[in-house]
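So the protein sequences, as listed, match chains A, B and C. First residue of the first sequence: 1, per my numbering; consecutive thereafter. First residue of the second sequence: 1001, per my numbering; consecutive thereafter. First residue of the third sequence: 2001, per my numbering; consecutive thereafter.
No wet-lab data here; the hints were simulated from the structure. Careful: at least some of the hints might be erroneous.
Claimed, not checked - Covered, in the sense of this in silico footprint (three residues per stretch, anywhere, with C-beta under 8 Å from a C-beta of chain A), are these stretches of chain B: (1) 1082-1091; (2) 1098-1104; (3) 1132-1138; (4) 1149-1158; (5) 1169-1177; (6) 1248-1257.
Claimed, not checked - Here are the simulated lysine to aspartate or glutamate pairs, DMTMM-like style, with alpha carbons at most 25 Å apart: (7) B:Lys1089 to A:Asp347; (8) A:Lys4 to B:Glu1007; (9) B:Lys1185 to C:Glu2130; (10) B:Lys1144 to C:Glu2077.
Ideal placement from N, C-alpha and C gives every residue a C-beta, glycine not left out.
What follows is each chain in one-letter form.
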Amino acid sequence: MLEKALKGSRGYGIWVAFLLLSVAIGFFFYLRQLDYGLGITGMSRDVSWGLYIAQFTFLVGIAASAVMLVLPYYLHDFKAFGKITILGEFLAVSAVMMCITFVFVDLGQPGRAVNLLLYPSPRSVLFWDVIVLNGYLLLNIVTGWTVLESDKKGVPPPAWVKPLIYLSIPWAVSIHTVTAFIYSGLPGRGFWLTAIMAPRFLASAFASGPALLILFCLILRRFARFDAGEKAIQTLAKIVAYALATSIFFVLVELFTVFYSQIPGHIHHLTYLFAGLEGHNTIARWMAVSALTALISLILLIIPRTRKNESLLALACAGVFLSLWIEKGLGLVVTGFVPSPMEMITDYTPTGPEIAITIGVWALGLLLITMFYKIFVSVRNG
Amino acid sequence: MAPTRREFLKIAGFSAVGLALPSLSSLTLAQAGIPAAGSLSPAAPGRLQALKAKRWAMTVEPRKCRPGCTDCITACHLEHNVPDFGNPKDDVHWISLERVEHIFPAEAHPRLPESITKLPVPVLCNHCENPPCVRVCPTQATFKRPDGIVMMDYHRCIGCRFCMAACPYGSRSMNYRDPRPFIRKINPAFPTRTRGVVEKCNFCEERLARGILPACVIACKDKALAFGDPEDPRSDVRLILDKGLSLRRRPELGTEPQVYYIL
Amino acid sequence: MKLYNRGMIIAGIVVFLIAATFPFWYGRGKAVPPPDLKLDTPAIQRLKKKLCVETAPYMRASHMKLLAAWRDGAVREGIRSYTAADGRVFQVSLTGTCLECHSNKKQFCDRCHDYAGAKPACWSCHIIPEEVR
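Isolated chain A (complex conformation) (with noise of 0.2 Å):
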């Protein structure tokens, strides 16, 4: 089937050799990386983790998120998301390829990433990251290959793939429970420390994910002539709205929780997300745009005019999507080392090597999305 990702309409192979000029140009950087060291990035002793890492929990969550396919249709058989369980799937599997790139993209000494297996920590969050995550991938890419085969051919899945199916369905709230535990167990950073990191996580995945599938699923229709079906979209939509909901609902929780209690080494972190620290407000700009498109976004979510309306629909996802982003992909992680253990404030700026390499990693996800949906839709138009 992979032949089928090699033969496209002009429009097509003009987004690949794009797309593969982004990696080209990322790799590029990334060797510069290797020979500089991390040096090239805007991280220093302070803010120890940045963007890659930033990028790398953002999109476990967008992988996580291909259980809100997977469990209405596998548990509840709702039939209306049958067509497109696999296009959640697929997404899965770039996002998870992508979250191992920007790992591998951000250690030091990459060369030695052979480690975490020649000596597990089971006391390491990271351990259990490395191995969930390869697990879901390996799920995702099984699952999604086999069903799609069984399309092909126009014969039902095997009954072995039911099982893996159901298992992938815990197994997606874990990779993102594990990931969310790498922040919450720190006991040295309160920004991060806090129960609700997990919930927090699920929450922001889960709308920003089907958002994604939403936005891919209106381009493959005004596209590659696949439509999804209009009662999966809208209710895909419904999900994303009270996911998107769910999510700032826990943000204001947190702001109480912080600003009633007025514990001053929890207040710190969050006046810098939202309202900037001594003049040092980038982070909090940032924010500002986040909250405001994330208002908007469930706005035009929750009034069913406009959720029915295409353009709306698509400017509200592209909405969920970027807030999230900027919530999880920027504002997170940054601020957990905001002020830093000794009260300092040490601003993060991404360097443009670093921003190069980031683009490409996405452009290497974007490619991988690329090529399985086209698979996928030359299987289904015959």
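For chain A, the structure is supplied; the task is to place chains B and C on it using the hints.
Frame of chain A, contents of chains B and C only:
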């Protein structure tokens, strides 16, 4: 019947895995123990006996420091080839001087006298009894020795910086660049590090093995730093600790730091 | 079974065979001299018995295994003494023991490593005394 393309790929895949397996097992054999020739033992060769302790700890009395003194930092960084990158972003340090309000945020308050607020206080890795950095390391490149010293294995570190996120004290530094060009004077008796690994104070364990106290302790002309075993009633640190109140950094986090401050 | 694209496939196989056997036919007839190791450093000349930590055949075959055991012993176990098979005791240290005698890395260590294509990463951290003095 001729194999289908799928069957051929399956066979090729399994063959490739089968060929690769033997070399994977030899990878792990290489880690196993000592070759048959000789044997390793803890005692250092030569006359000097290693300093031993059930638990190593340090006391810091910053009020003894003379103004403007940075001897402890100079001695430590010279001894251990700690680089000076000249900018705060890439900064690597094992020991530094900080203000009380930054080190003891819970205890500091607006009515402290200037003799305390302006006091430069040495801070370093606390070699915690319950270290969060050791808990999070995915390769056990940082680990705790039986005598309490939290060690770095620079050979194993993959540079993920999880330990830096976990440390509540800001004790750890990452080599974001190659440190060699930035070491002012290389001490040939101690290795450098390379780019891509995290480093920190090691309580001078290589000096303890030769029977010498840590470099910072010896360098301090004002005897503001003491080092020893608090479980030994005759040790310097125990005598100092028995005198009165001593503080540890952020004790509410449960890390059980082993650097005690007497202000 | 019909072989489609026969020309391209056969051409590809030929190119592959040429490339894969390159090391065998490229150096044919040329003899590369074995590495000439210099053991005449001042420290070695001062030794009464010219013995390394272990015997030369053992070191030739297994010095990296020995160093790996030294590395894990010293860093992870705090073990700093090594008693060789013949009873002599050495300090576990690459720079301090090995390079004390073999202070001519370029004429000793590098000669075999370059010949065999081995690129040990040790030198990025462990100091070569002659380069620092």
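Structure-based check of each hint:
1. 1082-1091: Satisfied; 4 residues make the cut.
2. 1098-1104: holds (count 4)
3. 1132-1138: holds (count 5)
4. 1149-1158: holds (count 3)
5. 1169-1177: holds (count 7)
6. 1248-1257: Coverage by chain A holds here, the residue count being 4 at a Cβ distance below 8 Å.
7. B:Lys1089 to A:Asp347: holds, 10 Å
8. A:Lys4 to B:Glu1007: holds, 20 Å
9. B:Lys1185 to C:Glu2130: Roughly 15 Å between the alpha carbons, so the hint for Lys1185 (chain B) and Glu2130 (chain C) holds.
10. B:Lys1144 to C:Glu2077: With a Cα-Cα distance of about 11 Å, the restraint between Lys1144 (chain B) and Glu2077 (chain C) holds, given a limit of 25 Å.
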